[in-house]
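Protein chains in written order, with this note's numbering: chain A, -3 to 602; chain B, 2 to 201.
Keep in mind the hints are simulated off the structure, nothing from the lab.
A portion of the hints provided could be inaccurate.
No farther apart than 27 Å at their CA atoms in a straight line, the calculated lysine-lysine pairs in the BS3-like style are these [stated by the list, open to error]:
1) 127(B) x 339(A)
2) 126(B) x 143(B)
3) 114(B) x 572(A)
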Amino acid sequence: MKRILQGNEAIARGAWEAGVTVGCAYPGTPSSEILARLSEYGEVYTEWSPNEKVAMEVAHGASVAGGRALVCMKHVGLNVAADPFMTISYVGVRGGMVVAVADDPGQHSSQNEQDSRQWARFGKVPLVEPADSRECRDYTKIAFEISERFDTPVLLRSETRVSHCDSPVELGERRESGMERKLDKKEVSKLVMVPMHARIRRHAVEERMKNLASYAERDFPFNEMEINDPSVGFIASGVSFLYTKDVFPQYSFLKLGMAWPLPARMIREFFDQVRKVVIVEELDPFLETEIRAMGFRVWHGKDLVPSIGELTPTAIDRSLSKAVTGKETVSVPARFDTEELPKRPPNLCAGCSHRPLFYALRKLKLFVFGDIGCYGLGAAPPLSAMHFSTCMGAGVGGSYGAGKVLGEEGLGKICAVLGDSTFLHSGIGPLMDAVYNGGYSTTIIMDNGITAMTGQQEHPATGFTIRGEPAPMVDFEQLARSVGVKHVRTVDPYNIKETVEVIREEVARNEASVIITKNSPCMLLRRARPQERFRHSHYRIQEDVCRGCKICLNVSCPAISWVAEEGETRDGDRRKGRASINADQCVGCAVCVQVCEFESIVPLAE
Amino acid sequence: MSQNGETKNIFLSGVGGQGTILAGNILGQVLLEAGYDVKKAEVHGMAQRGGDVTTHFRYGKKVYSPLIKEGDVDFLVSFELLEGLRYINWVKPGGKVIINNHRILPPAVNLGKMAYPAGMEEIFKKHFGENFWIVDGRGIAKALGNIQVANVVLIGALSRFFPSLEPEPWIDVIKSILPPRLHEINVKAFYEGRRAIKIE
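For reference, chain A alone in the conformation it holds in the complex (with noise of 0.2 Å):
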């Protein structure tokens, strides 16, 4: 049965089909769906990890006790789970283990755009890289059974227009590995690395990469040569091999599924049967550094196609049309100057309790370490209320480090600010760093009770499993007090006064303490009934009263507009225009009837 399947969906169709017993993750963009679909299937466990290091350990145990095991994230996610991935890389697996990651191109909804390939290099594993669904499902399957013959984790390299990306799929059957689940204490020299085992096995890498190295030349069946019009080859994997194809159809091709390690007699061959070699490959030039390295006499590649951002069938025909076909590229003329356009870019909800709390944020004028996450949207203006983010958990750390430069100076003018799910994923430590090591932080947890931005996936604070289950829930305030903290506060954020006085009195403490947001779930949150919490349904802002102050603009509600008419309030106040609630939107949250110095906002008649 031939059925359409997002990227993600069918690494989880392949790995079911594999037999996969076990599946972890920790959600990012565009990774997320995989487990989430994996977790459709009855026969295996699954599970959101706290963090992609721990998804890494957990799969690499159950490979470790005969499961075949599927670990999977974003590309940040790998340099989280760095630490073991590098090592599991010499003690090698007993049931199938694919570490799945996905890499953001352009950075749709990422903080960089580092190419993963880079890993497999530089930990010594093989890397296959689908360019579709089809393909997903495919290398899916076959990268567990290297895993398996070859003692190794593999690594599959996805892509936001892999992940993202829907094409049929012929679906097949699942079959069981078979692999005796058992753990072997003889095993020891295996997988105590220690370093007189470790320089062991340090030997058995290189031999594993040699004979991977014969397998990707002679047995791996999805590196393929397709001689058409040989004046031009052109090297590519994933999905670059597809746009590649879909502007140059004419030219020969050699499409290497295995990124690493490579055929290198294959590439011989084909520089043998073609005049000149491009490589197309997406951000950095890995194919063709490793195949200039080789001797090749590579035509183009990096000179001429862009290693910046998210390469598109557009971005290869501009750069390469004029050198393999001799001829420019032609455009259609534009018909009107859409760079002009208003940008639409992604906002808080309506509603949404972050809102609330940048606005306090704002109006004490912190500088805000912030983190990754939603509240990401919290650095936009006219909010303006973020001034750091680098990754997961820094914004603890760092604002601490900040404080230790600025001393006094610094005291009642910064905190730190992330969200419950990144708390836990790395949020933890740097909070402990603060109390053990003395001196100032307030770490406020946004506590909206969901990993929200990545599309609502449980965490061990949210009280349900990957399935809905009920679990047990990390208490934050609990676990604050247990590392040593002892100011712990907790503030509903939409009363803004008292959100306010707490942060204010927190921030000019000289030592750690930390504010929690109660009563804030996510509006996405279906179960939590968020919109329940409000008294009134909607707001509406009296036409007579508004004298256009802009004042309530400055929440940055998505359901709050100018509109541009000169008039006069009923008191007389002359006005350029005013303020409008659009009540397809108003959720009723009342943030604006807090900022409203004139009282113009009132709720609407139900």
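Since chain A is already given, all that's left is putting chain B on it; use the hints.
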């Protein structure tokens, strides 16, 4: 409609929450069942937060790239006026444009810092003439009692351009994707969309 297996390109644009993903799913299933290879590309992540959303949809005998090349769009279907104008240069000469007559103000307009572009209908008319249709998807959906079905109105409008796929395959797919309680209103929305297109 794809002739001789050549790949055809449909570009859907809109604002997060307007249902472009469902519209793309319907399109995909109908064309797969009609025997085509299909590829569809979307960016997720920000879709629920009011940002702009696009779907690249391609079908033919064998489709390689999931992304459409700028200037190669055969059909632009926009769920919002400004989001249609944003991709006007993506349409190939002779391409067709269907736009939902709906404005959703972006933040800069809400804040009074920029104006929502005026005269968009005229701009499209000027460039596409008889190959441009404006559909009151939101109005039709509202009259049916659920503004959420505007996406299916637009799919209905688009379906007029696939003469070999008479309504049944579309209706079957809509019913197979949506829960039974939503069948009646969506089938109505689909037919209203078909009626909204006058082809000379």
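Status of the hints after comparison with the structure:
1. 127(B) x 339(A): Holds - the C-alpha atoms of residue 339(A) and residue 127(B) are around 24 Å apart, at most 27 Å.
2. 126(B) x 143(B): It holds: about 26 Å lies between the C-alpha atoms, which stays within 27 Å.
3. 114(B) x 572(A): holds, 14 Å
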